[in-house]
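The task is to assemble the complex, starting from two chains supplied on their own in separate frames and drawing on the hints.
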Amino acid sequence: MLLLPLYYLLVSSFKTNSQIFASPLSPPTSLSFGKFASAVSDARLDLASLNSLIVTVSSLVVVLLLALPASYALARAGGRAAALIERAFSLGFLIPTFAALVPTFLLAAQLDLFHTRTFVILFLPATSLPLAVVLLTQFMRTVPQEVEEAARMDGAGSLTILVRVYLPMVVPGVATVGILSFLTYWNEYLYSLVLIGPDQAQRTIQVAVPTLRSPLETDFGILAAGTVVTLLPVYVAYAFLQRRMEGAMIGSAVKI
Amino acid sequence: MATTTIPGTPASHDLSGDAKRPRSRAQRAPRTTVMAVPALLWYAVFMIGPIGAIFVISLLRWPGMLARVGFAGLDNYRAVLSDSLFWSAVHNSVVQLAVAVPVMIVGAFMLGYHISTRPRGYQVLRVIVFTPALISASAKAMIFYGLFAPRGMINHLLSGVGLDGLTHTWLADTSTAFGCIVAIDVWAGIGYTATLYAARLSAVPESVYEAAELDGAGHWRRMWGIAFPMVKDYVGVTVMLQFLWTLFTSAQNVLLLTQGGPGNASTNLSFLVYQKAFLQSDLGYSQAAGVLLFVFGLIGMLVIRRAFRQSY
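Residue numbers (this note's numbering), protein chains in the order written: chain A, 158 to 413; chain B, 484 to 795.
To be clear, the hints were calculated from the coordinates, so they are not data collected in a lab.
Where a beta carbon is used, it is the ideal one built from N, C-alpha and C, also for glycine.
This list has only true hints and no planted wrong ones.
Quick look at which bits of chain B chain A covers, simulated, 3 or more residues with Cβ under 8 Å:
(1) 723 to 733
(2) 758 to 768
Estimated spans, in silico, between C-beta atoms of each pair:
(3) A:ASN174 / B:VAL552: 43 to 51 Å
(4) A:ASN174 / B:SER685: 37 to 45 Å
(5) B:THR657 / A:LEU389: 32 to 40 Å
(6) A:GLN302 / B:PHE554: 52 to 60 Å
Here are some of the chain A residues that sit facing chain B, going by a computed Cβ distance under 8 Å:
(7) VAL351
(8) ALA381
(9) THR387
(10) LEU388
So that you can see chain B by itself, here it is in the shape it has in the complex (with noise of 0.2 Å):
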């Protein structure tokens, strides 16, 4: 009595098709695909659905939590784009994303080189590099809390140098707010994505670098004209993951740092999103918002996938 045990399956079926089905199932595949129901439901409540329900919710009038809700047609959309705090959000998020992604690449592709050519303790340097990726975005935000600080490391360090003039209130400064989220997104990002570039070039036979060294091409040259080429399928796959992670995931960092401020100079996409529905109880503005911010993020996804095509 095989198919008793699939979920889902009432028994009174199962006993009338007792007598056929041990022959058929022989000849063919066993007709297993009910087993996978419950994941697929539990996916289309907790995912899909609420996926789907952020384009209905960017269609109503929903100024609150409790209050009533009205159909708005496209006057969310209306009040979104035509509202400055998006465009500077918008602003914001371009800036963040232009200089973090190429900063991250750049930064990682040398590292990972650097891991790979295995320099003394490069098992220690392996784990630094990985740890940024293990931790949580909370634990993150607090370590970099303390850096920041008024009195923290980063000033100190700056008067210890004599540049006392460069001390700040990093994260209370309009001018510096937004460029520490930045910073952390760098920090976050390099090192998993250097471990990535590490891992791809630890395959490079040694005798490669020392032909390439014999035909007088210096470390730079290697670096760049040997091992580069060598990560290139990776090099479209990183720039993906980081783009979409810096664009959805820097809401927690900005929360957790700046709160959007000072005044809105830290307020970028993802956390306007959050802002507008958790601080300012307007759902349909924020739903709005988030629908925009997932065009956004489906297009830049869509133009590094043909960007990156001839490396795959």
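One chain only, chain A, in its complex shape (with noise of 0.2 Å):
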């Protein structure tokens, strides 16, 4: 039951309408990729990938740049503020994101970053930054104090010590948000949806796909291909960090 759907997206992927409609869990005559290069030059699929690309990667740069100062610093500070801001972080778990999408993209309006991919950049960091932060603060406590107290003496800055003796040990943590990060961003839909808009120089990929669809005859063999290409960078994140991938996942669901 699970599979079944997956596997018809992929099969279909091969084969025409009438192949599909004919016989649609036969496996594909010929493996031809006819179909995905339709879907790459019908919705433009290759200006889509590198926006979703650049907005994925620049995303994950800001909030690693975001969180990883606040994490040290509640980590380490032991003052009432800093008390407060980890729990207004860790509120942030129980805000589901969808609900701010109108005042979001007010926001963008008035920011006139409308219909573009930047407003998106900054915004999505912001999404992930209660996980983020709440995850590395565990992590940078596990950072023993007499670490930082040697590089104190030697006479190194706090970011120094960010940078130099914190960074390398909370890897762990590092990739964990990174993955989790990574996912949400290449997925996100509404909010690039509504914010990015129907702009073919800038629109990312999970919104370019859906519109190979017609309203009078779609092309299931180019949809499919399409929402394989959409897939395929997270495979291949998943290929090499299972394990990984499924512990930072149920980490994060047990986190709530």
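Structure representation (structure tokens):
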């Protein structure tokens, strides 16, 4: 039951409509990539993949640049303010991002960044900050205090300590945050649709692929091929990081 | 010169405090809290701000993106609560949750248990089961768009086994459109939850099951009598997770597959919020419904938390 839709997707991407309608489950007769080529040229998936890549990578950079200093600060500061800030981030787990769609849209319009990738790159990191900060703070706490004190004796500043001492020791945490954020950013649909809009030069691949449907007659082979294209990067990442990916998702679920 | 690198700290301030700082640093934790400020600001501007804005907009009369904004007080709420469309959306959301969540949890547990017994080819099974958690909403919707198409796989299979009478234009039929959305919810959520349960159950030593078998416990009994209590602490978590996901994120499936139709047969609460804002440009109404959705989610979460408290 779980497999059937995926199998159907894969075999359809090599077949024509009449083949799909006549024998949906039989394996394709030829392994031609024609449907993939059509999908790419019809919906400009080349541009869309590039946009998705830009959005995903930039957002990842932003979230790490923000979350790493923050979690270092929260892990080491003992004050009341720090406790409050940490609490604010952990409450973020309770906010469903969908709820803020309309105000976010208005904010984009206010900033004159409506219908651009730029706003999405600014916005997406905020959605994964709660998880990133809470998770990394826990990792940072495991770094022994003595290591930091020794570095301070040698005259290292906070930023140097973060980069030279902490960063190498929290690599697993960074990887977890990276994986989860990568999945969120690459797979994001609704916000990208509303904020970036239909512009071919800006839209992401998740927004582009559904446009392969046509109200008159959809070529299901092309649609399936396009969908497969959106899945490829995720599967490549999964192939390399299977254990860590499952671990990350299980861990983050239990945090909620 | 440690502190010059801290963002947000003016350099002059730094120089004046230079003489005293090193000593106090050795005694107390270093004052690094400022380094959390950029992240906090970002979070406030893009997350907290918009969430707060929902409540403000819900009190405004805002009949279109470019229209003049006026104060409406509670008029929007009155409009929402007296609208039969809102109540049918509530009805749909409740049905969706009542069907999808229990089916998902029970199915996921059985599937997770099956994986944890390491049947032949369970490695492949694990990947397949995890897939829906990896792929995007639009990819899922496109897969099911093909499945449910008038000449798609489901109709083909039905006529293949002689059930021609059951073939449907699934997504365009009032009686089945919303059922399709719920089916996708279940398909999308079951695997992830199963992975969660399987990971938990893989820690159970084989000898526990062997002992139970010696005591005469059958397969069914071992599954529900022994394995289930072990994952009980996850049940509350997964119920809450799937409750929130189903409630909030299924707007995407509705948008991609049925646009709330035919008629309003598949309009649920989260899609209503989207529809009123972006298709009918009534921001006040949309955000009043959004606030009610938010409250609904919050109450549901508290109820679930309370119901599963014994298992924590």
